[in-house]
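Asker: Sequence:
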Amino acid sequence: MRRGSVSTWEPWARRNSANMAQYATSRQEFMTSEPGIEYQRGGGFFLSHRKIAIFITVIFLSLVAVGFVGAYVGATPRKKVFDATALIAGDAGSEPADAAKYKLSNSIFPSHYFIDLLPIIDDNGITWVRGRVVINFHYNDTSNLSKIILNAKGMNVTNIKMTSGFIKNHTRQQRDVQNTTAQFLNETTIKEEMPRTIEIKNNEIDNEHGILTIDLASEINSGLYTLDINYETHVDNRTLLIANFSDESADRWLMASQLKPINARRLFPVFDDVKLKAKFILSVNHSADTTVLSNSPLKSRTITPTGLAVDVFEETPPISPHNLAFIQGQLMPLGKIMTNDTKNLTINFWGQWSENLDPSYLKDSIILVINYFEELFKVNLTMNKLDVVSVPFSINSANPGLITIREPFFNVTKVSPGVTRYETLRTLIRLIGQQWLGGLVNSQNWTDVWILESSLIDIQHEIIQKIDPSFNHSTFLLDVQLEAFEADGYSVSQSLDTKVNPTYLDAFHPDELYDRGACLLRMMHGALRHNETTTGYRKFVSSWIYDNADVSSFLEAMTDNSTALPDGTTPIEAINSWIGGHGYPLLTIDRNYDEQTATVRQSRFTFDNLTNDHKKPWYLPLTWIKNNNDTSSPSFMWIKPSDDQTLINEMGDNNTWLIFNINSIGYYRINYDKYNWQLIANALIENPTIFPSSVKASLIDDVLSLAFVGKTTYLTAFSIINYLQNESQPEPWSALMGHAIKLNLVLSDTAAYPSYQQFMRKLSSNLFNEFGLQIDAGKRMTLIAHQLGSAFESTEYVDWVKKNSVDLKNSYGWKKRYVVPSYLRESLLCTLAKLEDELGWQWWKDKLGNITKRDNDRNSFLSSLACFQVSWMLQAVLNEIVEGSFFENDESLVILKEFNKHPAASEVAFKYVQTNWPKILTRFEKSYPILRAFIGTLGSGFTTEKDLIDFQNFRESNYDSLKPVGYITAFVEAKGNSWVSFLNNSFVDFDKTIRKIVEIVN
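If you count by UniProt numbering, then the sequence shown holds residues 1 to 1002, one letter each, in order.
The set of hints was computed from the structure by calculation and includes no laboratory data. Wrong hints could be hidden among the right ones.
Below are the DSS-like pairs computed for lysine-lysine, each with C-alpha atoms no more than 25 Å apart in a straight line [said to hold, decoys possible]:
no.	residue 1	residue 2
1	K616	K640
2	K762	K996
3	K343	K299
4	K762	K809
5	K901	K845
Full structure from sequences and hints, please.
Answerer: In structure tokens form, the structure reads like this:
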């Protein structure tokens, strides 16, 4: 049976809580079951001394027995009861309570790093690195210093020297290098002015916390000093990403550093703090047939007698340690762009040898993007060169002067599908923006980094349409706000000032926080007007060049010269009411049609009731329009937290509809009274274009969310989405799709599921017929039509898949894959996995074995593995991840993130992860992203209240081992709580409504 398929659904397959084991709340081990005893008095009563003695003895023994029983009961360990939200405090991504214990030496400020690296290559893979780092630093304190604490992790320090005074010149003597196993013989010569050697008593590395402690034989006072450290270190993909493309004809590989957020300490000893900016001079020893690129231009290259090349790069401007970068491999130039203005900027494009790459779209767009940022910030790029390199890795990366971008985005042309060009441009804008925000200007710490990342998201969607006018949609709502509303709609969501532990930033959940921050910035811009926003970014960047800003300084720049709120509250105070809290409000609008007024009340919106946290009210910028109003100039007012309710006059009679939160600027949901919802539904049916697409998307997202939690009826919700048969814009359809897939999971084991699938199949079939075959243009509507067609297996879409997958099924490779554009292949492969159970797990493994890791379609094949409908195949995939070696960690992440999107996969994962958690923990003990992904697969497995109880028992039994992934564990429980609440409270309404609609349609 395929869970989640209407054609195979049977009532007997549904879980029935009546047949499940029941649990008693009292202890059973001391209870007895006795038959009835009947006693009949017969005659008088005689008491002897013997009976008295026996009676007293019995009483004594009974008291002793009771004492033993009491002691036993008291000594029996009681099961601890844990609060799910308490797990969040133990999350590896949160700052530990003893964080201060591992801080660097106070009052030490590095100014220069001279770094010399020799990567030792074994079979085209990096085994270890021999290195040397010379650090100039200034100790500035009135007290003397007896030890120096800096960062180093997983390395062997072979020698440390320390002298007073700064390096004035840095020269190199030739190394005696033989092939790649050379000895690090001769040393760099350091010329100093009046050096004084400082004796070192001892040094020790704490690998768990990445701390190198250097104990000095005598204390030092304020002054200038130099540390000279030789070391060896083993590296892995946390520090150096490596791809091997070797074949019979040649050895080819690519290596790229990945030092964010705090992996520099794995490559060289360093004061690894984002605030401690310094200038870097890097030299790399490498084989002469490879090219090395770094942040700054190449200064010199020398060739040793053994044929080894030594590249020395120019000194960088002051940068944070994690921004140092280099890339090495068989690279070839793919053209350059040189500006003719005073900037003298050279942009170089690079790719691997033997690859046919055409970065024409990047070349056309990059100058436009750079010019926009320079005009926005009024600050030019600080380096006169920028290298843009195509890489096969799963991530893009930006460092000052050096950008790596995934090959699918690099190799895009003007005629590529629109969806592909959009993703490329969005990626490029973010990478270029990081030259300023995150490169030139940094945050004080990794908790405050959201001010940079959220600003980039905000600016990203502001620029896109200006660079390429063909992207004329509300891209912020499509790609940011809808997802933020879902992720932030649970009681366990976190605030923007949650302390972040950078050691485990990859285990944290920063993307959700950055999206939330971007939504708040967009709301702030809408309230303060755009011109002030532009001025704010300009002032912020110009004030903090080569420096580190905090949230307060950011907000001061962004709100400078802004008008205070009506009650005298400053804009900073208003936005701080959001930063320190979590979640978002629901505004309930009740209209008095006779008096033509509306009353506005605010409360916190949540999908679940896992906690009783009721956030204090927010400051809210409120916008609205009514019949015949212009959406470009809505009415505006502030809602104050102190107002229990706000009365607004002149809101129209019962023939006038009202719409609040115009263009979705506000980060809140709106609920109207039943009659106003009906007025809106009627207006949409009469004229689907009466509202902007962003307004229609918000209406759909709000009404379906409200119906899910029982704050409005599903009859109201379906009356709003009824107009979609005449909708041609992607924003409303994207809003619907998120809720449709969610309901597909929640309803999969209910009696309403066949009716729901019937409704969605008809809706998605109509959409596919209209937009699904407009493939070459690559519009967002075509992508949505295919995604919905795949999710609900509509007849027309399934026929298209069968036609376009014949070559894949019958050939060794997939020769005709390019008939289907890359942006549609993931949906096609997922549908094929659903339909072709008989192909078997081995067939998919063979296909993956024939697709190289640099092939653009590999991730699409990996994602499709979660689309199987047969339990044993899904279990085979999970077993391969946990016990096999076929998938690398980044590939496992791709697969696991898809498991909670499909009913059959989520059901299998829900049982598998809970049963096999010890195995998972053993295999991936320190791979927090993988552990987090495994727990995340449980989020869509709640179909009964017993599922929630099972998960809570799992959580309590594995409480300590779940602490490193505490937030996602609490989030999954909150999600399960919301789904069970829906089944208990809103399901009857949904079932009744969907059956009635299907009956009318038929």
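Asker: Each hint: holds or not?
Answerer: Results for each hint:
{"no.": "1", "hint": "K616 x K640", "in the structure": "11 Å, holds"}
{"no.": "2", "hint": "K762 x K996", "in the structure": "15 Å, holds"}
{"no.": "3", "hint": "K343 x K299", "in the structure": "20 Å, holds"}
{"no.": "4", "hint": "K762 x K809", "in the structure": "28 Å, violated"}
{"no.": "5", "hint": "K901 x K845", "in the structure": "21 Å, holds"}
The structure shown violates just one earlier hint, number 4.
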